[in-house]
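There are 4 protein chains.
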Amino acid sequence: MLDLQSLLNDISQTLSNEVDRGKVANYIPELAKQDNRHFGMAIATIDGQLFSTGDAFEAFSIQSISKVFTLTMALGKIGDKLWERVGREPSGTAFNSIVQLEHEKGVPRNPFINAGAIVVSDIVLAGHQPKETIAEILCFVRCLANDDSILIDQDVAQSETDTGFRNAALANYMRAFGNLHHPVDETLGVYFHQCSIAMTCVQLARSGLYLANGGVNPLIASTVVPRHRVRRINAIMMTCGHYDGSGEFAFSVGLPGKSGVGGGILVIVPDKAAIAVWSPGLDPNGNSKLGTMALEMLVAKTGWNVFGA
Amino acid sequence: MLDLQSLLNDISQTLSNEVDRGKVANYIPELAKQDNRHFGMAIATIDGQLFSTGDAFEAFSIQSISKVFTLTMALGKIGDKLWERVGREPSGTAFNSIVQLEHEKGVPRNPFINAGAIVVSDIVLAGHQPKETIAEILCFVRCLANDDSILIDQDVAQSETDTGFRNAALANYMRAFGNLHHPVDETLGVYFHQCSIAMTCVQLARSGLYLANGGVNPLIASTVVPRHRVRRINAIMMTCGHYDGSGEFAFSVGLPGKSGVGGGILVIVPDKAAIAVWSPGLDPNGNSKLGTMALEMLVAKTGWNVFGA
Amino acid sequence: MLDLQSLLNDISQTLSNEVDRGKVANYIPELAKQDNRHFGMAIATIDGQLFSTGDAFEAFSIQSISKVFTLTMALGKIGDKLWERVGREPSGTAFNSIVQLEHEKGVPRNPFINAGAIVVSDIVLAGHQPKETIAEILCFVRCLANDDSILIDQDVAQSETDTGFRNAALANYMRAFGNLHHPVDETLGVYFHQCSIAMTCVQLARSGLYLANGGVNPLIASTVVPRHRVRRINAIMMTCGHYDGSGEFAFSVGLPGKSGVGGGILVIVPDKAAIAVWSPGLDPNGNSKLGTMALEMLVAKTGWNVFGA
Amino acid sequence: MLDLQSLLNDISQTLSNEVDRGKVANYIPELAKQDNRHFGMAIATIDGQLFSTGDAFEAFSIQSISKVFTLTMALGKIGDKLWERVGREPSGTAFNSIVQLEHEKGVPRNPFINAGAIVVSDIVLAGHQPKETIAEILCFVRCLANDDSILIDQDVAQSETDTGFRNAALANYMRAFGNLHHPVDETLGVYFHQCSIAMTCVQLARSGLYLANGGVNPLIASTVVPRHRVRRINAIMMTCGHYDGSGEFAFSVGLPGKSGVGGGILVIVPDKAAIAVWSPGLDPNGNSKLGTMALEMLVAKTGWNVFGA
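Protein chains in written order, with our numbering: chain A, 8 to 316; chain B, 8 to 316; chain C, 8 to 316; chain D, 8 to 316.
The set of hints was computed from the structure by calculation and includes no laboratory data.
Do not rely on the hints blindly, as some may be mistaken.
One copy or two, it doesn't matter: identical chains are merged, so the pair holds either way.
[As the list claims (entries may be wrong)] Using 27 Å as the maximum straight-line C-alpha spacing, the simulated DSS-like pairs for lysine-lysine come out as follows:
#1 Lys308 - Lys112
#2 Lys308 - Lys279
#3 Lys30 - Lys84
#4 Lys279 - Lys40
#5 Lys88 - Lys308
#6 Lys88 - Lys138
#7 Lys88 - Lys279
#8 Lys112 - Lys279
#9 Lys112 - Lys30
#10 Lys112 - Lys40
#11 Lys138 - Lys84
#12 Lys112 - Lys138
Model the full structure from these sequences, guided by the hints.
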């Protein structure tokens, strides 16, 4: 039988010797302050166990991982109509590219590239005030993790607002095609704040359990989303969850996952567990370098790979 | 317990009423002669059972499905060095696009787009005569299916040679970057012939079993490829197996698969079975329309979806 | 000897029978109100003669023609340093494309596509208040035309501000690369107002005389710009003045010119005259359809073609 | 009055001190053998004078300059129908790019990029044998220069054939769209041989005189092409004659010209003269570095700039 705690300890120990820890994201000033020596990891199983190591109780900026949660919310609000405004194909270009929008009339390739996530935020906004919507997203995430202490890091949110010119370009571009329904500033306000949610690995692993458990949050025995939709969200995490490194992640880890430039990765082991890992140093595709290595080690030992035991 | 035979019968029955059966590929004259009323499907399980329906014993042109087999062969020949000449990211553009090669210096995005498969053929060629290499590929596929009656359709091969200008453009373009090591005509000769292998659904399902069975061909109890490589081939089938409809296929079917413009699809159910389906009418992305529908139905009933039961 | 007045009358007469007059620009609501039956034309010669026909005394929105004037101003302010922030090559794509900026790190191809003109406005802004800069541009144009009655159409300016999402996307995108030095709203404020200057054909032809006269405005005998710079501005008008129809215009008219989506075209006959023509209906490239036809007729009769008598 | 001979001598003298002479083209092995210390220049006036300096009597490979002559021939054969198969807009990308063809269904942007020139060669081929067509092109050029000693450099032709994979890619790609009417090898055979014509600056300047003289070759008093077509060929030379440096050449030299990677440039002074310059070292856009500098000096002294005296 697997001794997950020992396994996490081994991984943490092995990676502590790693010299090349990747580069901390530098385009958001607040994130650039992070120390790439951090490493934390947590596993939450659907039967209620929790394993953790390293800095698993330290909060970090979840950034693009939030896109999984807002996608879940938006599908709850408008269902498959969402797919008229966002595609579900891998993007094949760098994560903040604007080129593809030109060819596809303002419809982003998938909900996990920035442009797609901004449309998703626009759907979640749904005519409400940005403040209300931001509160609604935070509430949803707290509910998933069953933890009311989760907060938005206002310094990060402000830093993103001050420097988010590429996202403003994307948003204005989609507005030109009629694919944003609210003023650009309001939609971006929601987007920047959702990205600035700060969570620990433990909170994040727990918040992903509904995707490992057929849509039911086992912490509070509540259905978050129907079973068939869980499979689809997981599928998009597999094909699009790691920007232009998604194929690589499927190849080397073989599990649905979503990374953020804060250095976090949320990974789903269907029908078994949710895993969160955090280390701020990134690889050239913008995914956590040590986080990916840790997941490769874990998968090699556990056989948790959807492509074959 | 699942009654797979009844399920196949139901699927076949339901689809027989389908009016919009997609369009037969028309850019290869020989393929354009196909009748889109054909439908066949076969399931081969790793424990030796076989289920089939419709035209499951009629041979068709496997086309791009052959890329799975040559990738397996090429990895056997040069191992991970292959990834220096071919990427493993979804392409994000139409299957015969040449644009991406310009940006990435002649290195195709993945081994399942045409450009990538041509490089793989060049690797399999490995300094031998094209005739020998074509024979070697055919032999390999016969061995996988444990069926020596499998043949190459020479009319299709000739038709592809006569009209394959786009593939000739791709090949010359990569040659300009030094990413083909043999004369263009030789490499293309291999490529056009592997695409022209004709197989039945039953043969195809059997030939895919090694990918469902940890690399071991259960028909002859022989190891084709190591276990870790199986997972990776399956991963690439998931993220890149359906041209620009790969995300859609992962979303709606949730299994690794590879389609061909002959109307066939080979699908792997890790640790359980291999499935082949054939219907010549294609959707706009070049994937079998009824084939995909059949797979969606099968997955809905069996729960064979790697993203959650 | 040329009888320019008779020639203009003939052209006007001929074109009055034209049925297919092109489509009025519809993406700026105020411009969409224009009537495509309008046609006006004026020729101002460097020796002080003026010829006109049709609606040559009716004001219209000069739109992108203003880019010639702000380029002249910006070169006056920072000289050839301007070319570090803007290229001078034809763009090869539609006039509002954002794709190219991705490849060239936020440096637009030339000063006559929207992105380039926004950078030029940013240079003219030069740390001042947008209101002051807008006044400075208007003053410059009045001086060129020697006519203080020229005004900015505030309804058009407001309409552009309300709907200019593509330009906002371009501006934010360039800001992300550091190629705008002022807040996006301020630079766009200048840009939208310069485009909203309303002029008649007569005023416009006169305002272009300095480019036909070695840099000297003959109306007031004042040097606007040195002789070598005039040649260069004319060269850019030739290669880049008509969006993705610049090659076509050089081919069929053979004179440096700059069009605007309001339906105006300003054309320079080096060492002889400046011509303005206006008809609101556009061809698919966004250039005045009847305006171009009128210029082709004029050139055919006068031999005013820089590529050979 | 201009003393052109002294001017040429001065230019030659000044440039002899230039240290950075650009890089000789290296992608065609035979051309890579050239010595970048060469410099020659010749001016032929329409009234029969000839001025020359440096290596003006040494033959070099005219390469893409041949595109001017084959365009003239093709227009003579099929007239404006040519424009259904080739555009006349600047390309906005590197000279051997294949990307644009994807977007425009196999129709090259203009006749001076490689793809466009290959279509033009296909038009000139017109059902004849490649050998006959090559002889016809050579004959045409000899006639223009009034010099039967002009030859094709067979070593260069062979070198291009052996290494021209990019051109083979372009040709196959256009064949896939039906925009080549002959077997790829035949059309490329013509193309590679026309590029391999060897001429001296004196021969080249003389051969361009018809474009400076309203279509009439003054050497033999024979009409080569109608006057209106001359203007159009000159216009395309202006907007497209220097690959992705065409805007720059119009900006700095202000005359229609066509460069070749052999280091030659042919320039037309409408109604006055034709100029040929040769120096094998190229700038990053593939245009002769010293050749361009020499032309800038000449224009500065003569005022031969179509954009203003």
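**Asked** Which of the listed hints are broken here?
**Response** Checked against the structure, the hints that fail are numbers 1, 3, 4, 7, 8, 12, while the rest are satisfied.
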